[in-house]
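Input sequences plus hints: build the corresponding full structure.
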Amino acid sequence: MTCTEFLALLDELIDDNVSVQTRSLLQEHLAGCDHCEVTLSTTRKTIEIYRSHEVYELPNSVRQRLHDAIMARCKNGC
Amino acid sequence: MATIQIGENEQHPDLALVASARTGDVHAFETLVNKYDRQIFRIAQHITQNREDAQDVVQDAFLKAYEKLDQFQGNSKFYTWLVRIAVNESLMRLRKRRTGKMVSIDDDIETEEGSVPRDLADWSPNPEQNYSQSELAEILRKTIQGLPHGFRVVFVLRDVDGLSTEETAETLGLSVPAVKSRLLRARLQLRERLSRYFRKKKAGEK
Chain L
3 MTCTEFLALL DELIDDNVSV QTRSLLQEHL AGCDHCEVTL STTRKTIEIY RSHEVYELPN
63 SVRQRLHDAI MARCKNGC
Chain E
15 MATIQIGENE QHPDLALVAS ARTGDVHAFE TLVNKYDRQI FRIAQHITQN REDAQDVVQD
75 AFLKAYEKLD QFQGNSKFYT WLVRIAVNES LMRLRKRRTG KMVSIDDDIE TEEGSVPRDL
135 ADWSPNPEQN YSQSELAEIL RKTIQGLPHG FRVVFVLRDV DGLSTEETAE TLGLSVPAVK
195 SRLLRARLQL RERLSRYFRK KKAGEK
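Protein chains in written order, with this note's numbering: chain L, 3 to 80; chain E, 15 to 220.
Keep in mind that the hints were calculated from the coordinates and are not lab data. By construction, the Cβ of each residue, glycine as well, lies at the ideal position given by its N, Cα and C atoms. Treat the hints with caution; some may be incorrect.
Listed next, with one range per pair, are the computed distances between beta-carbon atoms [claimed, not checked]:
no. : chain 1 : residue 1 : chain 2 : residue 2 : range
1   : L       : Ala33     : E       : Ser90     : 37 to 45 Å
2   : E       : Pro27     : L       : Glu50     : 26 to 34 Å
3   : E       : Lys156    : L       : Thr24     : 34 to 42 Å
4   : L       : Ser63     : E       : Gly176    : 21 to 29 Å
5   : L       : Glu59     : E       : Ala135    : 28 to 36 Å
6   : L       : Ser54     : E       : Pro27     : 20 to 28 Å
7   : L       : Asp36     : E       : Glu66     : 42 to 50 Å
8   : L       : Ala33     : E       : Arg111    : 43 to 51 Å
9   : E       : Lys156    : L       : Arg67     : 21 to 29 Å
10  : E       : Glu180    : L       : Glu59     : 24 to 32 Å
This is the structure in structure tokens:
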């Protein structure tokens, strides 16, 4: 397996969407390729970091104002 | 993010809330607003890149959803239906800002940048610990803002919100292969850009 072939299957590997056979081919490639190993681990970290940190907070005061406006309109039948 | 697996014969809890809201139970609808307003704000902010617009989108998307509840078929999740409304509202706002220029989810994606990893240095363990919460948030914002909005939205729906590839495709009106290709490129571009901050420093580097 080449690095390009590995990269084409990177998402499938991260999303755990590969057959047992493909997985073993990918793992075989990883064992001998530091570059792909780093790409895999840092891409996983990228996803994890975006998942665990809110980039755009909605402050409670704004949230409350939006709720009030939405619900007032809904109660009036919009 | 915790996701609840729903069996084929089990009804998604949102459907009961939608049914109640349809009969005029505004509290049922309020529960849905409480549940999803942050996610809708996040999506809107990622598309519009403007705080006021994103707040307006939250309001307009929920009101539109309430008005159109009768049109909700129930064969998709309420959330994906709601996101679809919010994405359209966000694109409309963006169009207004760009003085009427057409805007679609397909814009600005003709870039091959970041398709091949270049920065292959490993990252320090727990690289986020080298930054304060606010510094980190700023890094993450700046990094994702550099991507075309058609990539950002796919990444956020798929990786942050945890929608499936099929749901993301349905929500954005894209094909499944298009979502897959954008997701890979979004992930790789974000990785490449974050690497500038998170890579292990060589001896002597500040």
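Unmet hints by their number, sorted upward, for this structure: none
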